[in-house]
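Residue numbers for the sequence shown, in this note's numbering: 1 to 181.
FYI, nobody ran anything at the bench for these hints, they're computed from the structure.
We put the beta carbon where it would ideally sit given N, CA and C, even for glycine.
With a Cα cut of at most 20 Å, we get these calculated SDA-like pairs of lysine to any residue: (1) K117 x N94; (2) K73 x D119; (3) K73 x G61; (4) K117 x S155; (5) K73 x R112; (6) K163 x A47; (7) K73 x I93; (8) K73 x A96; (9) K90 x P67; (10) K73 x H120; (11) K73 x R110; (12) K73 x I15; (13) K117 x T153; (14) K163 x T140; (15) K90 x T60; (16) K90 x P74; (17) K90 x W64; (18) K117 x E95; (19) K163 x D174; (20) K73 x L97; (21) K73 x N115; (22) K117 x T138; (23) K73 x E62; (24) K163 x R177; (25) K90 x I15; (26) K117 x Q151; (27) K90 x A47; (28) K117 x I93; (29) K73 x T60; (30) K117 x G61; (31) K90 x G61.
Between beta-carbon pairs, the in silico distance windows are: (32) P157 x R69: 28 to 34 Å; (33) R160 x E92: 29 to 35 Å; (34) Y114 x R160: 15 to 21 Å; (35) P68 x E161: 33 to 39 Å; (36) N115 x Q154: 14 to 20 Å; (37) R110 x N147: 23 to 29 Å.
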Amino acid sequence: MTIAEDWVEFVQDTIHVPKTVRLRLTRNGLTLVPVPQAHITTARRIANQIEDGLPGWMATGEFWVVPPREGYKPEPDVSALPLDQIRPGKSEINEALLPFVVEVVSPESRQRDYNTKPDHYALRGIPAYLIVDVLTATWTLLTQPDNGAYQCTQSGPFGREIKIPVADQTLTLDSSRFMRI
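All chains should be modelled from the sequences, with the hints used to inform the complete structure.
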């Protein structure tokens, strides 16, 4: 890890910002970026559907995926863990425990969500990555990570069901409940 990566990780771990903004490292330095209401509402609706549709599991969000790789700890918007794996005092989750991650696209995150994060999540071996694009009212589900890339892609408009394999169950999300900007 470089000095700059160490510093960025230290700042992100130390500075607490409201949930309505995100702290991002950009070409211009550290920047506070607003999170649109469609992003917040859609993430909440996905979390609700997880808890209704996966008995014995709990939705989780606002966490870092560890261990850091190349100085980076992704922060997915939503995921799920079995109830016996929930650690209320922790804000980090080991990548090996995650059956899927969800990123809700915001104007400032679009490039990362589609082009950077698939590689990061596939390299970590996370079985499924769902991109929910509130800008275009579409979703993309990437599955079957192999050699740092997802091998299978499904996509559709809001309104179609999304089926995500989770352990010995299938999570079905009703994307008609997602909000569009």
